[in-house]
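Enquirer: One letter stands for each residue in the lines below.
Number of protein chains: 2
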Amino acid sequence: MLRRALFLTLPFFLLSLCLSHGQVPKQIQAPADPLPSWNEGAAKKSIVEFVRATTDTASPKFVPIAQRIATFDNDGTLWVEQPMYTQLMFALGRVKAMATQHADWKDKEAFKAVLDDNRAALAKFTKKDLLEIIAATHAGMTTREFDAQAKDWLATAKHPRYKKLFTECAYQPMLEVMKYLRANGFKTYIVTGGGQQFVRCFSEQAYGIPPEQIIGSSGRLKYVKEAGPPSMLRLPALLLLNDEEGKPEDIQLFIGCKPLAAFGNSDGDRQMLEWTQSGAGSRLMVLVHHDDAEREYAYGAQSKIGTFSDSLMAEAKQQGWLVISMKNDWKQIFSFEVLK
Amino acid sequence: MLRRALFLTLPFFLLSLCLSHGQVPKQIQAPADPLPSWNEGAAKKSIVEFVRATTDTASPKFVPIAQRIATFDNDGTLWVEQPMYTQLMFALGRVKAMATQHADWKDKEAFKAVLDDNRAALAKFTKKDLLEIIAATHAGMTTREFDAQAKDWLATAKHPRYKKLFTECAYQPMLEVMKYLRANGFKTYIVTGGGQQFVRCFSEQAYGIPPEQIIGSSGRLKYVKEAGPPSMLRLPALLLLNDEEGKPEDIQLFIGCKPLAAFGNSDGDRQMLEWTQSGAGSRLMVLVHHDDAEREYAYGAQSKIGTFSDSLMAEAKQQGWLVISMKNDWKQIFSFEVLK
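Protein chains in written order, with this note's numbering: chain A, 1132 to 1471; chain B, 1132 to 1471.
In case anyone wonders, no lab produced these hints; they're calculated from the structure.
All figures in this text were calculated on a predicted structure; none of them were measured in a lab.
Just so you know, even glycine gets a beta-carbon here, dropped at the ideal spot from N, CA and C.
Keep in mind that a hint or two might mislead.
[To be verified] Footprint (simulated), chain B over chain A, 3 or more residues, beta carbon under 8 Å:
#, stretch
1, 1337-1350
2, 1359-1370
3, 1382-1396
4, 1400-1408
Extracted from the complex, chain A is given alone in its bound form (with noise of 0.2 Å):
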């Protein structure tokens, strides 16, 4: 009897001498969140079920490794676009920064707006403004050297409202989704119409993702050798427009297949997501709505950054594309954001 009683209750002394230690056993241990910072809600499950689809050997829509690619926006997907591109605010850093080899520049309109801090004619740029600035801030030096200056600029410069450093202003769900993608064998790349250099610069310390999965826009690049060791020069002509149909056009190109999964916030993105899904199996479309003035920025089809047509919105509808509520899908959008 007394062999019987040692028999039963053994189990349960070890148990709780486990938890006494702040230990569960593994078999009875609930698997961690791989989305903390997400609510609960259909588009947490639509992502989560998504992932579990493709991944389980089960699954009738299992997708060998080789095959998982999920490609992400940048710019309003993964980091914050407002009140101002990030990276033309680099590039209005740099035209200061270079203002005293430039004497020139104060009699250019634009450079003048930029110098003069000007804010009621910056807002007036055109796309010609914008190109003439992007062009003698982001051409016309090597490679190396423009990596110098943008990284520099990201480790000092800092976002105007949230007082952070950029990369910082980065979004926690999002990080979260890549990481947990990531864990389930899928490769991430950043498709974005800003610089692909530039993103490049702060990729892999921000999203943990190498320069290799960055596709973005580009220049066109120039070998250089004469006396001593060849440099790369960054040239005033445009290479790759990644935006709209660029996007699936370049995702041809660098990947060489559809993606499985596409995260994108703003008209730019229609056509990656349009191309993902035309794939066979299971897909998954997401569009980031910046819907949530008061921890982030609230805009869509009037906003001339990223914006959100109604005629998207529309197709993600028609499209069963996922559309999230930055204010009522994300429990916490930034990492250093003190939760209520």
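Starting from the known structure of chain A, arrange chain B on it as the hints suggest.
Expert: Structure of chain B alone, referenced to chain A:
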């Protein structure tokens, strides 16, 4: 005394037991040769020593996995490029396959030469003739259609001399090098003057290299969406000419860092090797020299295909690049080769 004798003889007895079953105990088993198709010598030694130096954590030249990038030219470096580039043979085959839909080709000199198998005329082809043939056979279809055409051709067309599929005409020693590098944490890329999509059609199966690690010459693509699912059109306009300066430029575009090792065989690879060598630490620059007319082909400075000029050889010697003699350094060239 008997026990002592037993003590001494037992290990040998056990060893002989293992040997009699064709097994050697692990402790005394020599590590498998990663490069069995290479003759022992300076070339093989250099490659093995480079891998050891960059992957041994105790080595002063140790390189973290993320930076272990190796790039390979394709034609003449990984597979046969004589008597004509494989992709050109594919193009000629496509001209014949498409002729019924192009009655006008009979009146066009270049196309007529192909259709008539006029070898004398083919040998005199100008660059313009070739571009015309390439444009007609490589553009004006979707990427999906091109994929099917190239794969169909690769599955049946045979090399005129070896009577083997072209993918079987890969160099066994190079397949071993790629496998060896990957087993040591290297990422292997193809950086070819040939067409990117054409090479992607066989690279996974023939070389174990996935589509996203193929950098090649590329035409412009056009995303098209009307009613129904979108498609990707191949346009008759060149986007990237991935040869000479184009190789390091596209390595920067696709990978974003310098390779640690680069393998080529001709003047078109010179800049890729220079770019590789200009990086810090241990670097490996290799040129395959075709000097074996008996088992493969012997050509160099005078050859139109795969030119290995005297100035390239001079640069290789001056810079300490490894020049592989196919005749002396390779025990076996093809997997189908019968060893003497």
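Enquirer: Taking the hints in turn, state whether each one holds.
Expert: Here is how each hint holds up against the structure:
{"no.": "1", "hint": "1337-1350", "in the structure": "holds (count 5)"}
{"no.": "2", "hint": "1359-1370", "in the structure": "holds (count 4)"}
{"no.": "3", "hint": "1382-1396", "in the structure": "holds (count 6)"}
{"no.": "4", "hint": "1400-1408", "in the structure": "holds (count 3)"}
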